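Spelled out from the first residue to the last, the chains are:
Number of protein chains: 2
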Amino acid sequence: MAFPSSNRGQWAGRQQIGYLMQQGVDYPNCLSLAAGLVDYDTFPADLVLQATQKILTDPAQARASLQYGTTPGSLELRRQLLKHLAKLDGVSQESEAGSIDQLLITTGSQQFLDLVSQAVLNPGDICLVTAPSYFVYLSTLEGIGVELVSVDCDDQGIIPASLQETLERLEQAGKLPLVKMLYLVSYFDNPRGITMPLNRRQEVLEILERWSAKQYLYLLEDAAYRELWFEEPPPQSIYSLDQSKERVIYTQTFSKSLSPGLRTGFGLLPKALVKPVTDLKSIHDFGSPHFSQFVVSELLSSGQYEQHVKKLRESYREKSQVMWNAVSDSILTSDLAHAEQPGGGLYVWLKLDDKVCDTRFSQRLFRDAAEKHHVMFVPGELFYSDPSHPDANLTMRLSYGVQTQQKLKEGIERLANAIAEVRK
Amino acid sequence: MAFPSSNRGQWAGRQQIGYLMQQGVDYPNCLSLAAGLVDYDTFPADLVLQATQKILTDPAQARASLQYGTTPGSLELRRQLLKHLAKLDGVSQESEAGSIDQLLITTGSQQFLDLVSQAVLNPGDICLVTAPSYFVYLSTLEGIGVELVSVDCDDQGIIPASLQETLERLEQAGKLPLVKMLYLVSYFDNPRGITMPLNRRQEVLEILERWSAKQYLYLLEDAAYRELWFEEPPPQSIYSLDQSKERVIYTQTFSKSLSPGLRTGFGLLPKALVKPVTDLKSIHDFGSPHFSQFVVSELLSSGQYEQHVKKLRESYREKSQVMWNAVSDSILTSDLAHAEQPGGGLYVWLKLDDKVCDTRFSQRLFRDAAEKHHVMFVPGELFYSDPSHPDANLTMRLSYGVQTQQKLKEGIERLANAIAEVRK
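As given, the protein sequences belong to chains A and B, one line each in that order. Under UniProt numbering, the first residue of the first sequence is numbered 1, with each subsequent residue one higher. Under UniProt numbering, the first residue of the second sequence is numbered 1, with each subsequent residue one higher.
Since the hints were derived computationally from the structure, they do not count as laboratory data. All the given hints hold, so there is nothing to weed out.
In silico DSSO-like cross-links for lysine-lysine, where the CA-CA straight-line distance does not exceed 30 Å:
#1 Lys54/A x Lys310/B
#2 Lys311/A x Lys54/B
#3 Lys54/A x Lys311/B
#4 Lys87/A x Lys311/A
#5 Lys54/B x Lys54/A
Here the structure is a predicted model, which is why all the values come from computation and not from measurement.
Construct the entire structure; sequences and hints are all you get.
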């Protein structure tokens, strides 16, 4: 007899990150510009140590942090997060969020993305995504059996006219009732490092509001990289622009700005989603680790988090500049190579307008780069839900997150050599 | 327009624990014998502090613990867990598990239960459960849209003849192809505190093996309370009896034996389930908090966990005796009241063979106990997937986990008074 297995289990298997991680295993000597990990040298071990000492030597805090929490998470941390978010958005805390009940703490923002998707989308439903888009979330949606429809982007993020056209096209095809959500990374996005300007944020929100008469769409705003800006703070969130507080679902994480090992993220929910998302989280795990929540809470309230993020911005700003200089000097010298200098986040998105330099896993450039030049990038194909998108074969994501400045220079030099050799 | 929402989100809403927790909120002055929380006084704050200091002052460990881990979890902790489990089962590590790849670390054992259920069961499939059974898992199954079919129990756990009859009945109804799994709490179960003896474990396994020719059923063994024995260690796991290692799925947690706030559990998977369950976990959260895993790993390897569990056993043994004495003296004096003294775990399961004493939320006993006598129990109805089960109205679960010895005596006295008053 066959072993029992579910559709969900099979759908979840369509994860391209598995293939990417396997490449890392297959080519262990590669200098990886692929991994989206964060900088080891900036981990706040001393701050986390101070926080744990403070928590565990205070009997009341020690007991509470080691006990079960509630499913939505520590009330104290949730209070601080509302305050923190209002500060980031430059608005008053009262105008920012409906109530603390709408804020849920999760195991990284990934769990929040998964829970929301499960609460909103049935198998066969449609979610709009950008082309390109964060590939792990594309897999998350596929894991629920959701159909992905992509909307084009330019250097300001999603193109409003393309969103409008896509919705019209879906309406004509009779598929509008299946469209439930639009997903956006609104700050220094993954993979392109682009931040949507304020007017673009407003336009997108207005389009969704106009379509509401026919079909209500949620906007899922992923702000994972929001605090990693280099020169100036980015615009306020789409969430803060949503007067109704019934449209935008917002999520952010401490994985990039503090420590992924604490796995603490959070999100804000429209009222209609509070119960189903919290119910699903109860089933998933009854709540994320309470102890980590106390550590994050302590670092936020002491102001040490804010100090840490300042240092982090400086470190990533320098590293991004090192990578950018190297890419400019050795790759962008060709008219066939294009990139935008990132203003924050962890990535440089490179386009090689050159059919010889097909960036896919299966093609010569990726293999030669890994095998001969010992350098690895993430092929652009991973970020497109539609593999026939014209940019899917021409693009790659380069991360300056984990490598040192020296290694970044060396990595880009190796990549430039690999490109030059393929072009010969 | 209606806000979009999924079936999953609605199914997840059928959680009776929400109702139970609401009762706790509605009657805040109650002495709760309901909560399944663990003893605050035995939390190992000093041990966790030592472990975090050791981890965070070692640069290599500090970096690793604060970085992302892999989806299945820390390799070092997984190695130790295999060793730990072989020791509990009294077998060699080689014979115990296929490979370390089959061990997955999760956010408590609840996440493991949820992931396995999602990987094995489609909406409309059937899972066999015991009557009574752990009610949070019943909600988990309902949250996936699964049909529950219950199998009767006696004081040695699930009754083999009843399992056989249930399978025959399902076969006659043409529903056998939908039956995918049997769920059991094999040690000091929730709610009854019963441990299955060895021969019962073998019989159940043999029945499932005989039925394999017609329908392959997994056995999901939940060993959450395994280490909380009082007088002598309980028998080896059903997992260890499964020679094929393709039948039994095993899970255990550190929430009861160490700290729920670390939210660290684990499970062992048959080979066929490793990929789908790990894929689903990647979508859920990419892996449970790495930092907590390092803490648990440090406490296991130093032997401090073992020392701590010894103390914990003694504390719960004493508290269970206090509750048992109080129940014996004030409630079991009636011929219409029955209970078994627990040999481990956190619960006393009380049956009142007396129609006047209907234990349901909606009936007088629960309301009077809460409102007049300020004591709360968990009505037995929560633990039966079939509300028409003859014991569903007659039973209640009493926990000695969280209250002090003094409060336990007081709580049982109040409950005895409430029962006496209803009987008047």
